[in-house]
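**Student:** The residues making up each chain are set out below.
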Amino acid sequence: MRVMGAITLSRTLTTADLVIAGEVAERRADDLALARRCAVGDPDAWAQFVRTYQRTVYQLALGVLSHPHDAEDAAQETFVAALTAVRRFRGDSSLATWLSRITVRIAMRQVRRRRVRGALDRALHFRQSPPPPSPEHLAGAQETETAVWEHVATLPAALRLPLVLREFQQFSYREIADVLGVPVGTVQSRLHRARALLRDRLATDRRLEAV
Amino acid sequence: MDCRRAQPLLSAYLDDSLSDQRTHAVRDHLTDCADCRADLHALMRTARTLQFGRGLEPSAGFVERTVLAARRESLRRRYEWQQLGLRVALATAMVLMVLLSGMPGAGQKPVEFLQFQGRVIRQAASGVSTTLHNAATDLDDFLGGNKPKPVADEKAGLP
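Residue numbers (this note's numbering), protein chains in the order written: chain A, 1 to 211; chain B, 1001 to 1159.
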């Protein structure tokens, strides 16, 4: 028996489930329509595409890179790659999931480049490797936003990504597993560890006392 | 269910991402366990605080800069494809010339043969498929001993 079938059978379908399924189908149809308009080079569609998903892509890139300038570069690279390949989008997943997979791939490539550059710098004694990146001084960000992201940046990358996708993008566990290429159980345990690590840090931060 | 098994599930319970069976088991445990209830409330506070990071956006003008960069990249790729197409067309024409120069009749009608070669090259520039089609027609005519038909420039898509 297929896994999806087993999961479906293990739960009783409720009206709420059907409403959610309907909303998902509608979103997919909207995604596909937008992708098709982008594929024919409609400039308004391109702008709408970037405007709609800029937060998702930027925050995820920031989750990987922990540095606002690098994250913005990676976000731009992601959109350029996505828009030039958007005709290949078939609607098997949501546009957000599709874009997130591209973002993670591009941001991870930047991490590898950064590692190679740092190793070369150290080997050649040209200069000190850059200090551990932090999203402080985020352009236009409020103090609470900055505080939250500074704490998120202290997490190991493996815990940071599922947390960003869940808390900031409201992805489901299955979507997160799809983006990161890990089982749903791994997403569950990583999210639990990430939240447990952040619990005390957030609670003791004075900048977040008022919220 | 005891605390050791309930604790790692609290986060997924909060997200409503457990199966019905596990959800009931965790709920039953929470009814009896004050420690796990306290942990669940702490997790809820954490999730609430994290929501303040949701509004973060890239710097102003990001949309315009990105659309422009994508447009530039799209044009660059189109130009590269056109260049590639042109190279393929020219390469095809050259191969045809080499092949045709060894054909019977090449030495018998030098002027007409040179005219034919020139036409093949010009047609190749207007696209590989058109070139091959026209060249095949011309080749038939040529090998058939007929005088090659003049090909209008408009037909070849050239000025």
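These aren't lab readings, by the way, just hints derived from the structure by calculation.
Quick caveat, the model's predicted, so the values are computed rather than measured.
Note that beta-carbon positions come from the ideal geometry of N, C-alpha and C, so glycine has one too.
There could be a bad hint or two in this list.
[As the list claims (entries may be wrong)] Label pairs and their calculated CB-CB ranges:
#, chain 1, residue 1, chain 2, residue 2, range
1, A, T186, B, R1078, 27 to 37 Å
2, B, D1032, A, R88, 48 to 58 Å
3, B, R1072, A, R36, 43 to 53 Å
4, B, D1032, A, V24, 28 to 38 Å
**Student:** None of the hints should be skipped; say for each whether it holds.
**Tutor:** Hints versus structure:
no.: 1; hint: T186(A) to R1078(B): 27 to 37 Å; verdict: violated, 42 Å
no.: 2; hint: D1032(B) to R88(A): 48 to 58 Å; verdict: holds, 53 Å
no.: 3; hint: R1072(B) to R36(A): 43 to 53 Å; verdict: violated, 22 Å
no.: 4; hint: D1032(B) to V24(A): 28 to 38 Å; verdict: holds, 36 Å
Hint violations for this structure: numbers 1, 3, all remaining hints satisfied.
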